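Undergrad: Below, each chain spelled out in residue letters.
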Amino acid sequence: MKLGAKSLDTKGKGVPFKFYTAYYVSTYSRRKAYTLRELLEGVKTADKNTLFHHVFHAVRAKHLLPPRYNNDFARWVGEEVGDEELAAALSDISGAEPAAIEDIRKEIVAILEPAADERRGRSEFVFVGMEPVVVETKYVAHTLAEFLDLVEVVPGESILYHFVTRRVLRSAGRNDFSTWLDKNFGLAEVADELSRIDPLAFNSEEALREAILTVLKKWLL
Amino acid sequence: MIERYIQFVGEDEVDAIVKLAERLQDLSILHVNSTAAGGGVAEILNRLVPLMRELGLRVDWRVIRGDQEFFTVTKTFHNALQVGAVEVPRSFYEIYERWQEINANELDLDYDVVFIHDPQPAGLVKYRKRGLWIWRCHIDVSTPNPEVWGFLRRYVSQYDAAIFHIPEFARDDLEIPQLLIPPSIDPLSPKNVELPPTAVERVMRKFDINPERPILLQVSRFDRAKDPLGVVEAYRLARRRMPGLQLVYLGSPAHDDPEGEAVYRETVEAAGGDPDIHLLMLPPDSHYEVNAFQRAATVVMQKSIREGFGLTVSEALWKKRPVIGGKTGGIKIQVIHGVTGFLATSPRTAAHYAVYLLREKRLREEMGAAGREHVRRNFLITHQLRRYLMAIAYVAKRAMWSD
Chain A
0 MKLGAKSLDT
10 KGKGVPFKFY
20 TAYYVSTYSR
30 RKAYTLRELL
40 EGVKTADKNT
50 LFHHVFHAVR
60 AKHLLPPRYN
70 NDFARWVGEE
80 VGDEELAAAL
90 SDISGAEPAA
100 IEDIRKEIVA
110 ILEPAADERR
120 GRSEFVFVGM
130 EPVVVETKYV
140 AHTLAEFLDL
150 VEVVPGESIL
160 YHFVTRRVLR
170 SAGRNDFSTW
180 LDKNFGLAEV
190 ADELSRIDPL
200 AFNSEEALRE
210 AILTVLKKWL
220 L
Chain B
0 MIERYIQFVG
10 EDEVDAIVKL
20 AERLQDLSIL
30 HVNSTAAGGG
40 VAEILNRLVP
50 LMRELGLRVD
60 WRVIRGDQEF
70 FTVTKTFHNA
80 LQVGAVEVPR
90 SFYEIYERWQ
100 EINANELDLD
110 YDVVFIHDPQ
120 PAGLVKYRKR
130 GLWIWRCHID
140 VSTPNPEVWG
150 FLRRYVSQYD
160 AAIFHIPEFA
170 RDDLEIPQLL
180 IPPSIDPLSP
190 KNVELPPTAV
200 ERVMRKFDIN
210 PERPILLQVS
220 RFDRAKDPLG
230 VVEAYRLARR
240 RMPGLQLVYL
250 GSPAHDDPEG
260 EAVYRETVEA
270 AGGDPDIHLL
280 MLPPDSHYEV
290 NAFQRAATVV
300 MQKSIREGFG
310 LTVSEALWKK
320 RPVIGGKTGG
330 IKIQVIHGVT
340 GFLATSPRTA
350 AHYAVYLLRE
360 KRLREEMGAA
370 GREHVRRNFL
380 ITHQLRRYLM
390 AIAYVAKRAM
400 WSD
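Top to bottom, those sequences are chains A and B.
What the first sequence shows, in numbering that gives the first Met the number 0, is residues 0 to 220, in sequence order.
What the second sequence shows, in numbering that gives the first Met the number 0, is residues 0 to 402, in sequence order.
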């Protein structure tokens with residue numbers, strides 16, 4: 000049900016939404032792949048933070064990827080090994096809910112496994128791990144109105160943290176925005192539509208933010 | 000001072016830095032390196048330490064001392080670690096250890112967090128009494144002389160963590176956590192501040208360069224790793240298609256580097272008296288001139304065969320100049336192929352991309368804008384400051400998640 004701009008001052012059950020932001024400490028995982036087979040082995044055994052980094056950092060505007068590739072594995076396979084078919088398949092993986100990092104690992108393995116042979120990259124693939132460092136922001140929403148306004152202005156890293164990082168790495172099943180809208184206001188339809196947004200379809204936090212705002216405006220305004 | 004960076008990175012980024020620093024207020028922090036001025040490490044500490052203090056952190060910076068013999072040893076180690084094939088006499092290890100002990104006796108190392116920069120003071124860890132010790136490596140130790148690395152590794156293994164510029168420089172034979180923090184440029188330093196167009200033109204005229212004709216620029220030492228002969232060759236190939244092209248190779252005199260002088264002579268010979276090849280030697284503190292040259296350039300090249308990080312790439316990208324870089328070291332994370340410039344693997348490919356960029360003004364503008372944004376998001380001093388604070392939080396295990 001559409002709420003309309005005049006009904007957004009409600010506090011629901013009174014639980015505020017505190018926006019946090021996350022930055023990532025990059026670490027060397029002591030693992031490298033020189034061939035497609037080694038890449039597959041690396042994907043199978045990498046810890047979840049390493050896998051998350053290589054798949055989801057493409058959503059961050061800071062990322063170091065040419066925009067035609069959606070994750071590091073796709074870039075390496077395309078640019079270094081020269082298999083554009085396989086790169087396209089890897090670029091096409093879904094990060095939509097309720098996928099947690101282990102689901103994404105299975106999907107990548109399923110794509111890589113039939114193709115994993117001794118073909119070498121011109122340079123090695125280096126597996127890089129990461130640890131999130133979470134910082135509280137000054138932004139807190141008590142009402143739907145405040146929430147809508149703040150989604151437009153909070154740091155891009157904050158959008159990614161609440162919409163992707165916590166869900167995927169902590170296996171929460173659902174993004175923080177949907178959870179809050181559903182539990183605090185009973186807005187199941189808005190929550191569900193937000194949950195259908197696949198973050199891997201975007202290559203910057205701003206593009207992801209825009210998609211989230213579009214859904215919120217559709218239901219709330 | 001930190002507020003002056005809001006114009007580049009936004010208020011939220013600076014807020015996050017302040018919040019991270021609040022988390023570390025109770026810690027005393029020490030940086031130790033081998034020189035107070037000159038060189039990239041001193042340059043970055045001269046800017047980072049005041050910023051950290053301004054955030055309320057208790058930060059000190061100490062410089063080790065040594066005699067000429069010690070610095071000959073550390074220079075030899077440096078070359079052996081970066082280049083590999085260097086003869087190192089056995090006595091050098093004893094000299095190194097002796098000066099570690101002398102400095103450990105003279106320096107107050109009683110801090111909660113100690114950053115030791117580069118190999119010169121790395122052995123101080125043997126004298127640690129307490130605190131978290133982090134070895135910050137600013138050089139490429141990926142293919143070192145095994146004996147020198149084996150010697151250094153015994154010390155590095157005693158640290159709580161090490162920090163490298165890029166993953167390719169990290170080591171498989173280290174068990175300690177290895178963090179990755181790229182270096183940075185300061186948008187407020189004389190090398191990077193905006194310059195009036197007239198000043199840029201004046202500097203070009205001063206060095207007999209025609210600012211109305213296209214300029215291909217490389218800023219780096221006359222060092223084989225920077226491939227000056229390849230740059231000249233790339234220029235020659237490009238010039239066939241782009242008459243009027245000028246090459247400026249901007250280096251510094253290398254009085255203490257006999258090989259540098261030899262490479263310079265070889266480059267002069269390769270230039271063969273071409274009046275449009277300008278091989279310039281400027282004093283190391285010519286930041287204003289370097290700034291002007293980077294702004295006057297049509298296309299910037301950093302055609303290194305081997306590179307530590309190559310911050311001149313970020314300097315050029317910050318000035319909206321697309322860069323043709325060698326596919327090596329830190330250049331690979333600054334030049335995103337086809338986005339902020341092109342990665343070249345030979346003089347032929349470098350020339351090909353140079354001609355492409357020289358012909359396509361719109362492409363240069365697009366790549367220039369993408370390059371500046373890439374640096375704004377990743378390689379400014381505030382990012383490095385935040386990453387150092389995060390490194391401390393990580394090593395000290397302080398509140399990684401929000402719940």
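Simulated from the structure, these hints should not be mistaken for laboratory data.
Do not rely on the hints blindly, as some may be mistaken.
Okay, derived cross-link-like pairs now, SDA-like style, lysine to any residue, Cα gap no bigger than 25 Å in a straight line [stated by the list, open to error]: (1) A:LYS17 x A:SER122; (2) B:LYS396 x B:ASP14; (3) A:LYS31 x B:LEU342; (4) B:LYS331 x A:ASN183.
Computed beta-carbon distance windows for the label pairs [what the hints assert, rightly or not]: (5) A:ASP148 x B:ARG397: 25 to 33 Å; (6) A:LYS12 x B:ARG153: 56 to 64 Å; (7) B:ARG153 x A:TYR33: 25 to 33 Å; (8) A:LEU220 x B:LYS360: 41 to 49 Å; (9) A:LYS1 x B:PRO189: 52 to 60 Å; (10) A:ARG67 x B:PRO242: 44 to 52 Å; (11) B:ASN78 x A:PRO97: 49 to 57 Å; (12) B:GLN24 x A:ASP148: 26 to 34 Å; (13) A:ASP8 x B:ILE1: 49 to 57 Å; (14) A:ARG67 x B:ARG153: 51 to 59 Å.
Derived, one-sided and incomplete: chain A residues facing chain B with beta-carbon distance under 7 Å [to be verified]: (15) SER25; (16) ARG29; (17) TYR33; (18) VAL132; (19) VAL134; (20) LEU168.
Quick caveat, the model's predicted, so the values are computed rather than measured.
We put the CB at the ideal spot given by N, CA and C, even for glycine.
Undergrad: Work down the list of hints and note, for each, if the structure agrees.
TA: Okay, the hints, checked on the actual structure:
1. A:LYS17 x A:SER122: Not OK: LYS17 of chain A and SER122 of chain A at ~43 Å, beyond 25 Å, violated.
2. B:LYS396 x B:ASP14: holds, 21 Å
3. A:LYS31 x B:LEU342: holds, 22 Å
4. B:LYS331 x A:ASN183: violated, 47 Å
5. A:ASP148 x B:ARG397: 25 to 33 Å: holds, 32 Å
6. A:LYS12 x B:ARG153: 56 to 64 Å: Holds - the Cβ-Cβ distance for LYS12 of chain A and ARG153 of chain B, about 59 Å, lies within 56 to 64 Å.
7. B:ARG153 x A:TYR33: 25 to 33 Å: holds, 29 Å
8. A:LEU220 x B:LYS360: 41 to 49 Å: holds, 43 Å
9. A:LYS1 x B:PRO189: 52 to 60 Å: holds, 57 Å
10. A:ARG67 x B:PRO242: 44 to 52 Å: Cβ of ARG67 of chain A to Cβ of PRO242 of chain B: about 35 Å, so the range 44 to 52 Å is violated.
11. B:ASN78 x A:PRO97: 49 to 57 Å: holds, 55 Å
12. B:GLN24 x A:ASP148: 26 to 34 Å: holds, 32 Å
13. A:ASP8 x B:ILE1: 49 to 57 Å: About 36 Å separates the Cβ atoms of ASP8 of chain A and ILE1 of chain B, which means 49 to 57 Å is violated.
14. A:ARG67 x B:ARG153: 51 to 59 Å: Since the Cβ atoms of ARG67 of chain A and ARG153 of chain B sit about 46 Å apart, the hinted range of 51 to 59 Å is violated.
15. SER25: It holds, given that the least Cβ distance between SER25 of chain A and chain B is near 4 Å, below 7 Å.
16. ARG29: holds, 5 Å
17. TYR33: Not OK, violated: TYR33 of chain A not within 7 Å of chain B, min 13 Å.
18. VAL132: holds, 5 Å
19. VAL134: holds, 5 Å
20. LEU168: violated, 9 Å
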